[in-house]
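Trainee: Below are the chains, spelled out letter by letter.
There are 4 protein chains.
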Amino acid sequence: MLDFVDSIETKIASLGPSKIDSPILSKRKDVSRHFVAENERIMVNITQSYIEECIRNKKSFLSFEVAGPRQKIYFDPSKLKCGVVTCGGLCPGTNDVIRALVMELYHVYGVKNIYGFQYGLEGFISRYGHPLVELTPERVASIHELGGTILGTSRGAQDIGEIVDTLDRLNIGILFMIGGDGTLRAAAKISEEVLHRGLKCSVIAIPKTIDNDIYLVEKSFGFDTAVEKATEAIRAAHTEAIAAYNGIGLVKLMGRYSGFIAAYATLGLREVNFTLIPEVDFDLEGEHGFLEALRKRLKKRRHAVIVVAEGAGQKFFADQDLGTDPSGNPRLGDIGKFLVEKIKEYFVSIKMPITLKYIDPSYIIRSLPANANDHVYCGFLAQNAVHAGMRGKTAMLVSCRHNVYVHVPIKAAVIKRKIINPNSTLWFSVLETTGQPRLKN
Amino acid sequence: MLDFVDSIETKIASLGPSKIDSPILSKRKDVSRHFVAENERIMVNITQSYIEECIRNKKSFLSFEVAGPRQKIYFDPSKLKCGVVTCGGLCPGTNDVIRALVMELYHVYGVKNIYGFQYGLEGFISRYGHPLVELTPERVASIHELGGTILGTSRGAQDIGEIVDTLDRLNIGILFMIGGDGTLRAAAKISEEVLHRGLKCSVIAIPKTIDNDIYLVEKSFGFDTAVEKATEAIRAAHTEAIAAYNGIGLVKLMGRYSGFIAAYATLGLREVNFTLIPEVDFDLEGEHGFLEALRKRLKKRRHAVIVVAEGAGQKFFADQDLGTDPSGNPRLGDIGKFLVEKIKEYFVSIKMPITLKYIDPSYIIRSLPANANDHVYCGFLAQNAVHAGMRGKTAMLVSCRHNVYVHVPIKAAVIKRKIINPNSTLWFSVLETTGQPRLKN
Amino acid sequence: MLDFVDSIETKIASLGPSKIDSPILSKRKDVSRHFVAENERIMVNITQSYIEECIRNKKSFLSFEVAGPRQKIYFDPSKLKCGVVTCGGLCPGTNDVIRALVMELYHVYGVKNIYGFQYGLEGFISRYGHPLVELTPERVASIHELGGTILGTSRGAQDIGEIVDTLDRLNIGILFMIGGDGTLRAAAKISEEVLHRGLKCSVIAIPKTIDNDIYLVEKSFGFDTAVEKATEAIRAAHTEAIAAYNGIGLVKLMGRYSGFIAAYATLGLREVNFTLIPEVDFDLEGEHGFLEALRKRLKKRRHAVIVVAEGAGQKFFADQDLGTDPSGNPRLGDIGKFLVEKIKEYFVSIKMPITLKYIDPSYIIRSLPANANDHVYCGFLAQNAVHAGMRGKTAMLVSCRHNVYVHVPIKAAVIKRKIINPNSTLWFSVLETTGQPRLKN
Amino acid sequence: MLDFVDSIETKIASLGPSKIDSPILSKRKDVSRHFVAENERIMVNITQSYIEECIRNKKSFLSFEVAGPRQKIYFDPSKLKCGVVTCGGLCPGTNDVIRALVMELYHVYGVKNIYGFQYGLEGFISRYGHPLVELTPERVASIHELGGTILGTSRGAQDIGEIVDTLDRLNIGILFMIGGDGTLRAAAKISEEVLHRGLKCSVIAIPKTIDNDIYLVEKSFGFDTAVEKATEAIRAAHTEAIAAYNGIGLVKLMGRYSGFIAAYATLGLREVNFTLIPEVDFDLEGEHGFLEALRKRLKKRRHAVIVVAEGAGQKFFADQDLGTDPSGNPRLGDIGKFLVEKIKEYFVSIKMPITLKYIDPSYIIRSLPANANDHVYCGFLAQNAVHAGMRGKTAMLVSCRHNVYVHVPIKAAVIKRKIINPNSTLWFSVLETTGQPRLKN
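Chains as they are written, first to last, in the UniProt record's numbering: chain A, 1 to 441; chain B, 1 to 441; chain C, 1 to 441; chain D, 1 to 441.
Treat the hints with care, since some could be wrong.
The list cannot tell twin chains apart, which means a pair is met if one copy fits it or any two copies do.
Here are the simulated DSSO-like cross-link-like pairs (lysine-lysine), alpha carbons at most 27 Å apart as the crow flies [said to hold, decoys possible]:
(1) 411 <-> 79
(2) 219 <-> 200
(3) 411 <-> 11
(4) 200 <-> 351
(5) 300 <-> 440
(6) 11 <-> 337
(7) 418 <-> 219
(8) 296 <-> 112
(9) 337 <-> 351
(10) 200 <-> 300
(11) 59 <-> 19
(12) 300 <-> 29
(13) 315 <-> 337
(14) 11 <-> 81
(15) 189 <-> 299
(16) 296 <-> 29
(17) 72 <-> 11
Hints were generated in silico from the structure; no laboratory data involved.
None of these values were measured; they are calculated from a predicted model.
For reference, chain A alone in the conformation it holds in the complex:
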């Protein structure tokens, strides 16, 4: 759990000083609402040894700004216009975030002008012709029951200049961007261009990644829901596997660069015999390769369940030029179908009959509404995003660290991706559960 943290920028940019009394102050006389002090921060590394080392070496502590409502804010709610956009693949909880943004802005701060940009970054670009959507409490009241995003989404970059033109023309004061790695990079560029032009527009990101692979983000929303549903596919694979003599159930799960869903789903339904993830190399052939290990498992137990993250084993496609997807990510080789082929070939070659069932539950998972845990989590993320925006913070994302909501500079979060440490308790627990060997010659 205690991953190493590099020397990173942790200071949050802001549009200017906070001079306006928060409307929360006068909201309810009966509750003494806790405000977060301007300079409240928590430690990034919370081990005693780190603290002591810093003291010894007179090094300053790495810390993050704590999220939450400030007593003084930057924007005047009565004049503020806000924008919301959702980008990239579907992820459970996106509508919860939209709903909570609107409810917090409208009911807590009194902001009445909230607009949705449709179909991702396309929504800022006039030639697509996607109209703005007005977001009111009535419009969003029940959307948390739905999967997907009511704003629509798309993949891929758009011209930063034209995006900022649109923000300027519409006089958007806070732009909330819900999206993954690509969206974070776009958000960073937009906020730079905004500052460069001297506009007064906060850019606040709420990181969305079903893969749970954003650096400095402990757990991304929707991840819990995804893992829960992924176990259903594992159960199906297991049922199919044990019903056949030498039955194999193979499940491909999300995870382009990191195997978090694969690993947690394995721990969530402990019927998996091999978990293959991008972070841990494996060989197919040879005495210690995967195929021989699979043969041994079948020999011993007559069935096997395999979970493979979509980004695992990409070395097998090294000689193919797969191009990039609309988001600009390199296209991955389809490891699921590849394994199906290789497994079938291998067992034909050794004349051992098998029955192989392949399950790819991707869209069934991505399109789910959030479970209760994610409903709650999305609500808190969005509320903290609103507090940050109202205070005039910018170029940041809301995250949770050590169970405390914090502000993280986007630039720090896009340095690298979060991946599974193969020496961690998490991966060791997976290995214990699956009982899989090293799979390397």
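Given the coordinates of chain A, work out where chains B, C and D should sit on it, guided by the hints.
Mentor: Only chains B, C and D this time, still in chain A's reference frame:
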């Protein structure tokens, strides 16, 4: 619902007369258990016009023997040995049937020797080396909670002679066969060979087909569960479709020869715009073809949901020799992937960007445990199978007609497959719901 | 399944002859829609012995009119106004019925004026001030996802004269009434008064009863969904029971006069040891009474699960005057709490410590949205209700018999309630599953 | 989230030095398993201001020992005998904890002798006669699919002396106790007595409380699952409420001393209008009381949903002597039924007709199997409990703080209960969602 019924054989073969008092008679003094009279039958066609026509033309009525416990039975429970086998693909409820067979034989009739043959028909063939499994109430008590089949299964035929040798050697008095079309045909041959050899072995089939396509079987077990789960995939497809501009969600569902799951799932979640089934021909190209209809739909509503049964559009593979699967069925062309290709090609050709998401939930559906409705249904099917077997009936299957459990000669049920009548209320309801045009030039 | 059918009225009243071509005729050239002939009927009793007896005795067959679209209809769709009302307790599928009524009227027949009366029969009575609701395809498009009823509901009778005044004033041509026994009686009176006044208003009922206890109605909508969910409560009771030494789990299920939910839920999750229903008397005290049987069960297995229908054991409240509920039904004694008291007292008296957990899932069940099976069923019921109404039929309900949709005169359906025959296969299966003794001294 | 932490004991007792090489060392050559250093600790308060204050004032930091595997352990696995016991009410995930304890002990450390004590603390007391249960990997392999506890449970204290006698006689080296507040107190006493007698027996607690109210335990296992299911009851209440004119849905949820389930369920399904918890006082009567607020809500929206934690409003029972339950906790007044009575009385008194539906889902929630998130969490808790026990730690519980698994002295955790801070973001979010006023005169 009132499908036309051909002139079919409806008389049930029997191993001999019933001379033994049913143990049910003495079971509970407080309940006057209803026994079914030996000759109780129900009409196959229940319209008044049919009855009147028969009377007018002095034609005899087509009728089925009613299932249920008989006062006198053929086998002596204390000496009887029974066998159970499950064949073909997984289907929700199979373990319920096994459980209820064992419970009814053991507790109601007092049969103590019940054996499971493992991995389908392979279980009868010595060279596979699959050991017999003893089936006791303890062993089966909780299996209804599990999908799949505790006996394992396999596809494909085995030597009838060797199967009957095994039955003979083990002195099996009743063989319960749970399987689909191929299994029914095997059951017919086994019962023939049994009679030919003068053995005393009843062969009772409990028809299993997730496609719900067995002739004279109103609804096969597991179908309800399958439809319920299939709607989840439709919901996912719909969520993905509306989240994209020109979004398309395509779901492939089971249904090799008949589109029942596709049709009922469409009625079970009314978000489908095109339902394609084997029974209704459609064109891809041309003014009235599917692709142009899809384009129009997108133009109008900017998203579309398509459900395709796996056996639909097989004409597009007419020029390919796909061979047969292990069950001896002709291999189908993969209409799901075919449509994905064709749709993508088409919209590239007309330069209209789309986002297409393809979902194939097959094994997630097949491997489910039964829902409550199927739990109940499987229980009744199995109980009636036991009653039929104890009475010495053979070469028959248990079915439900007009909500009455009946005995149907296997030979009658394998004449042809049950399919959707395109002029039926069912199909018309699907057309109303989808609003799809004719899709034919 | 073959319950005895009395000599009942089976002729359907009609407002007049059908002279207008059905708009379905011209709807789709590609589908030759099957129309139901005016005089198409199916047998009520479908056993061969009944038919032969009728022929022998020259008795006419009891038969029901088959439901479905007629080629000629009574009402001119372009001028027709329709009303919909929902009455009584919540039941899964009610919104499905509303939705399908609207969709069928609007899209298939072209009826544009459809109104919902709010909060049950109160909606017709001006002093309540509940406004009419316009029902359009847009309004109802997604309501099948919701439990309850978008029209609201209430219990209890209202003045028939004022109801008919309202129908007359609003010029309602077809009134669709969704409700239970009380609603059916109201529907009968309304249609009488309508005819008496010479108005042209069809009254078509869609029977709604979660108890599944309406006579001549094979299965009421929502029943499947209710049974499915009821098994969840049984599972909870079982888990609690086995976790304690001498643990008892007691579940109260719906069923005022009939134990269908209790019986099917018992078969749907076979962990119940005692099922108590209104149709089968039982004693509490004494050597063969329930309490002693419970003690024996605990002695043997150390846990017990009990399912009791709310209408069971009402003899224990015979000396109490409980009055009537707003629907005019006699109030039932609370058998659940009564059993809790009696069981606790008994085991205290014999100094045997027990742990008793009581579960009443009533509203959690009633408020569910329909499952897929009920979605489909509700759609067909409503479509057939529309066909009947458009044809000018009145004073009838739509039902399903032998899996065929039929028209049943309301007067025939309210003669008595459908109950479980204690000598039926259904009840015998319950007894086999629970293993419960007679429970009578 | 940053609750104030008192000056508490954070040092963990231990049976003695660790001299034996952990078997993990030699387990897998391919993985360099991360061991936790003996003295690894994390900060209890992680704010920068706290750290700086400590430095300024030369105060030592409050910190917890980090959980996880140690390179050197105390017990020799080949000779060790372990015991497991589960106490108190059911909670999702208990079987997961049992399973993971057994798997970790058996497969990772090679401990072969693991015993379950049945029915809570009764299992140690000979007069109850509950036999020991041998816990093997086979026995526990599938129990995570089941709710409840396979070991059974009971409430209430037993003689500490006799418990320790039993541990001594059976030569138990590590006792794992899964239970709530009462169990923690018992564990503290047992470990004291063990040390006093000079026995070598570690006592490790895994805190179990569905109420999530144990001090210093961030989130107790099963809580997520409970909240998820609780939202189902809220949905039912909402559906019932909106279906009636002046409809009220009232849900009672678990929470004797703290309203965490009520609060999180409110945030998990945002349809609640009043959330009543033990931590926040409210009045019934008077201008600002709950009943008048409820009337205003109905007047405005015609329906209302109320969630009440079972421990809320206990002041209304102050004059009643309710005694204590078998666990020795004071019996609570039944606030659910009390509110039902009071609400009905009030609206009768003001002649405003209402429809009130009351839902108590308690046992349906408690008896659930864990959801995926809790499956994973229970696994980690149990593994860390095993690591702690093998190291010879005692009188401690495993907890999670700032997302790091830690060792907490039981004595520190039983000082007080964890409750909701009415000035916290959590409670403020609930107030925002419900819109409820102060409810105090």
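Trainee: Which hint numbers doesn't this structure obey?
Mentor: 1, 2, 4, 6, 10, 11, 15
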